[in-house]
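Student: Between the sequences and the hints, there should be enough to build the whole structure, so can you do that?
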Amino acid sequence: MVVKLAPKKVANIVELCRTLLMKCFVTIREFAQLIGKLVASEHGVLYAPVFYKTLEIQKDVELKLNKGNFDARIILSNESKQCINWWIENIHDSYKPIVFKPPDRKIESDSSMLGYGALDVTNNLTLSGVWSLSEHMTIYTPHSTRGAATSYVSGRIPIATILRTAGWRKDSVFRKFYQRPITNDSSFSKEILLAKGK
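Position one of the sequence shown corresponds to residue 605 (the working numbering), numbered consecutively onward.
Hints were generated in silico from the structure; no laboratory data involved.
Here a beta-carbon is modelled for each residue, glycine too, at the ideal position from N, C-alpha and C.
Heads up, a few of these hints could be off.
Unchecked claim - Derived EDC-like pairs (lysine to aspartate or glutamate); straight-line CA-CA distance at most 20 Å:
#1 612 to 693
#2 627 to 693
#3 641 to 675
#4 705 to 724
#5 641 to 683
#6 613 to 646
#7 685 to 660
#8 612 to 646
#9 668 to 634
#10 705 to 646
#11 668 to 683
#12 663 to 646
#13 641 to 660
#14 641 to 697
#15 627 to 675
#16 608 to 619
#17 685 to 664
#18 663 to 675
#19 641 to 619
#20 627 to 660
#21 700 to 646
#22 657 to 693
#23 685 to 619
#24 671 to 660
#25 608 to 646
Stated by the list, open to error - If you anchor each label on the Cβ, the simulated ranges turn out as follows:
#26 721 to 694: 31 to 41 Å
#27 733 to 673: 50 to 60 Å
#28 726 to 664: 36 to 46 Å
#29 670 to 733: 42 to 52 Å
#30 613 to 701: 11 to 21 Å
#31 629 to 661: 12 to 22 Å
Tutor: This is the structure in structure tokens:
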């Protein structure tokens, strides 16, 4: 069973998104009104927070820069425009399940300054090792599996699928790693994802 937005609400959101994208400048107030509608639609849009969080961040930054003036005119960032376009392209088909199925795979991880460890709980596989001098610890800590998984799959699997599969409620940590390149194909990232067990 799923929840979907009413067609009238979908049309209203799409129209508001298109209106803002056509403008060179928008007021923070107009931007905040759009964000409010997107947040209110979360009950019928599975990945809503992923695609309005960037907008909220820009709004907060702009409000600080403009000393709380909601009538200040701003230029939408490219990231915000991409998120708004996502809404235009996807809201017609969006829904949110009432019940979620359990994850297919569960991975736990740990790391220290000396090494790393991961356990694929689902398949009872383990992986551990010592950091080499060529591996930069800052890439993986404090969320080593998340860093590895998200950097490895960033070009292969949509962000929404990764969030759903991982059971992540917030995208802030994920976004930190999502566009990060893999430093070496034979490195920790690939090892964790392709581990056969050691």
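Student: Verify the proposed pairing of residue 657 with residue 693, using a straight-line Cα cut of 20 Å.
Tutor: It holds: about 18 Å lies between the C-alpha atoms, which stays within 20 Å.
Student: Residue 668 and residue 634: Cα distance at most 20 Å?
Tutor: Holds: residue 668 and residue 634 sit about 16 Å apart, inside 20 Å.
Student: Within 20 Å, alpha carbon to alpha carbon, are residue 641 and residue 683?
Tutor: holds, 19 Å
Student: Sort out whether residue 646 lies within 20 Å of residue 663, counting only the CA atoms.
Tutor: It holds: about 19 Å lies between the C-alpha atoms, which stays within 20 Å.
Student: Check the hint pairing residue 613 with residue 646 against an upper bound of 20 Å on the C-alpha distance.
Tutor: At roughly 12 Å apart (the allowed maximum being 20 Å), residue 646 and residue 613 satisfy the hint.
Student: Holds or violated: residue 641 and residue 675, Cα atoms, limit 20 Å.
Tutor: At roughly 19 Å apart (the allowed maximum being 20 Å), residue 675 and residue 641 satisfy the hint.
Student: Holds or violated: residue 641 and residue 697, Cα atoms, limit 20 Å.
Tutor: Roughly 17 Å separates the two Cα atoms, so the pair holds.
Student: For the pair residue 726 and residue 664, does the Cβ-Cβ distance stay inside 36 to 46 Å?
Tutor: Holds - the Cβ-Cβ distance for residue 726 and residue 664, about 38 Å, lies within 36 to 46 Å.
Student: With respect to the beta-carbon atoms only, verify the hint that residue 670 and residue 733 lie 42 to 52 Å apart.
Tutor: holds, 49 Å
Student: Checking one constraint from the list: CA of residue 685 to CA of residue 619, max 20 Å. Satisfied?
Tutor: holds, 14 Å
Student: Straight-line Cα separation of residue 668 and residue 683 no greater than 20 Å?
Tutor: holds, 19 Å
Student: Given the proposed pairing of residue 641 with residue 619, does the C-alpha separation stay at or below 20 Å?
Tutor: The hint holds at about 12 Å.
Checked against the numbered hints above, the structure breaks none of them.
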